[in-house]
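A.B. asks: Listed here are the chains, written in short residue letters.
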Amino acid sequence: MISPAPAASRGLGRLTLDVRQDLSPWKQTAFVGSSLVFGLAISLAILAAAGIPPLTLASELAAVLTAENLRGVLVQAAPLILVGLGASLAFRIGFWNLGIEGQMIFGGIFAAAISIYDVGPQATRLLLMGSAAALGGALWVLLVVFLKRRFRVNEIIATLLLNYVAMYFLFHLLYGAWQDAKTAFPQSSPLRPFERLGDIGYGINSGLLIAIAGVLAAGWLIHLSRIGFYTRFISANPRMAKIVGVPVQAATLWIIAASGACSGLAGFVNVASQEGRLTQSYANGYVFSGVLIAFLSRNDPVVVAVVGFLIAVLFITGQTLQVFYQIPLTMVQMIEAIIVMAVASSEFLIRHRIRWLR
Amino acid sequence: MNLGDFLINWIANAPVTAVPYALAALGLIVAERSGVLNLTAEGLMLIGALAGAGTSLLFVGHPAVALLAAMAAASVVSLLFAVLVVVLRINQVIAGLSVVFFCQGLTGLIGTLAKWQNKQLSGLAPLKIWPLSEIPIIGRIFFMQDPVVYLTILIFIAVNFLLFKTMLGLRIRAVGENPGAADAAGVSITLHRILAIVAGSSLIGLAGGYISVVSVKLWVTGMTGGRGWIAVALVVFARWAPWPALAGALLFGCIEALIPHVAAAGIQVPQYLMLMTPYLATIAVMIWVGAKDSRGSQEPGALGQPHVREERR
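Keeping their order, the protein sequence lines are chains A and B. Everything in the first sequence is counted per the numbering used here, starting at 7 for the first residue and increasing by one. Everything in the second sequence is counted per the numbering used here, starting at 3 for the first residue and increasing by one.
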């Protein structure tokens, strides 16, 4: 008997897409790694087109990593780690917190208010400012949680729009009641020495301690605490979680509040360390940095610390390029976006198999 | 200034501020009707605004050329988004956000390096529809606008016809409503989604180009100032239907046009609190939508879901 002839091939054949069952961790890492390299190569090409040849960039990068400049990187890492924590906590529970800048602004405003109205003794001033900042950030994001629960308002749009509202409120203060009377610049008068986050030796800023404390707290919250367990349950299957009696509403609320508090603390750290006063731009460019750090670290607080440090290197390099080569700082945002696109694309290759059928 | 002049000046300016919202929302509706959650408006409007401004600065031609360049540029960049979400099936929120921040970075970079910042553009003269333009009050409001305002209404009629009266529109909507069924009926999901994204994005680009070339008449980094996000909200408000989107755009146009006129009329309102109003109004509108019954919404069934035909031999 003659077996039926195989189906005649149609021309060159065609691409088909299968869903992979699983892929070894090594191959997954290789896919993510190579897509990261691809994304960085595109960024390098764009920078070269903008007039920064790769060799110049390499020497600038090497300069950033010297001991002297590493100090600046560590200062910059603190707010980035905190916004990364803020984003990853919210993403864990499936809440798109894109209001990080607004929460940073309100964190800064609350902290500055403690200073401006001279609340509490000097010894506990920083502690009070930090707590106020966390509260400010948490309240600003909980407003959106309320809108979402009560009126089904989409949190993506609400958090993004409230960034603009927060920004104009900051401008309202800085061009009005809180304007520095001495210089008449749109910024608050400088914080007093006991209201600033100083160095703790070895040139390390105490803002980094806050970030590390945040990493430990978030790590405990996610990996060890009861709420963390609930979070995993809720994100896996919210309906089932509710049926078996998990306090879905309360757990969600606490995680999102923690997310806002982290962003608020990031605002406090920027105001009390780098800037030393309330400025117009201390929250600029942090929304997407938070998204990027959370995305690359797969919402794991411990990994956030590492990725936050790497993005800080990118930030400082960007600032150097701005000063010496007049490359606008928005370039950092562009590179961040390219990295996210590249790494997200690699997930497609991890989850699907492309085959050429003839 | 008396109240009558104030009202006429305000209402006569509203179409100019409404056009970007209307065109951007319409472009988003076209893309979202094919089932792609599109958050890219804020970025693509910046691309359109930069391309329009750049074209008018480089080649001193008719502003129409600049607006066409704005449409083309936004379409080209939207191909990136289309590949990410349609071919590579990336999470559509992540892809949309990435494209917005990519565009913000890119336009900031190009605008600064090419030194296009704050350079005055010629703008577009209003089109007087004589003799209607001579009617008091009504003539000023309805018949002395720039050509793009009239064109916007024509575009709405055309897109409405295309989406709801043609086979192509039916296919795009089918792909957005039930991609599995559309696929089985032989409609290419990939093709129709990419087409809808690119076509819609040309309108978003026009919206951006209109801001820089016609309305503000210069390029400033980040000049769209959140209008793209408001357009995203407008689509939800309009329940994915074109005509309600136009009505919503007019509402927001009126709100935005009010801001400079209040200051000009000498009314004492804190300036920065006044600038919050478009964003707060958007949130108010979203609350109103959420409180309303959701029946009758034309939200596409497969919005935000990538389509993977799992087993194909």
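Simulated from the structure, these hints should not be mistaken for lab results. Wrong hints could be hidden among the right ones.
[As the list claims (entries may be wrong)] 25 Å max Cα-Cα, derived SDA-like pairs, lysine to any residue: (1) B:K294 with A:T62; (2) A:K154 with B:G227; (3) B:K121 with A:A55; (4) B:K294 with A:A56; (5) B:K117 with A:K154; (6) B:K117 with A:R155; (7) B:K117 with A:T62.
[Unchecked claim] Listed below are several chain B residues computed to face chain A (Cβ distance under 7 Å; list not exhaustive): (8) G110; (9) L111; (10) I137; (11) G141; (12) M278.
Yeah, the Cβ is synthetic: ideal placement off N, Cα and C, and Gly gets one too.
A.B. asks: Compare the structure with each hint and give your call.
C.D. replies: Hint check:
no. : hint               : verdict
1   : B:K294 with A:T62  : violated (58 Å)
2   : A:K154 with B:G227 : holds (24 Å)
3   : B:K121 with A:A55  : holds (23 Å)
4   : B:K294 with A:A56  : violated (50 Å)
5   : B:K117 with A:K154 : violated (43 Å)
6   : B:K117 with A:R155 : violated (46 Å)
7   : B:K117 with A:T62  : holds (23 Å)
8   : G110               : holds (3 Å)
9   : L111               : holds (5 Å)
10  : I137               : violated (39 Å)
11  : G141               : violated (36 Å)
12  : M278               : holds (5 Å)
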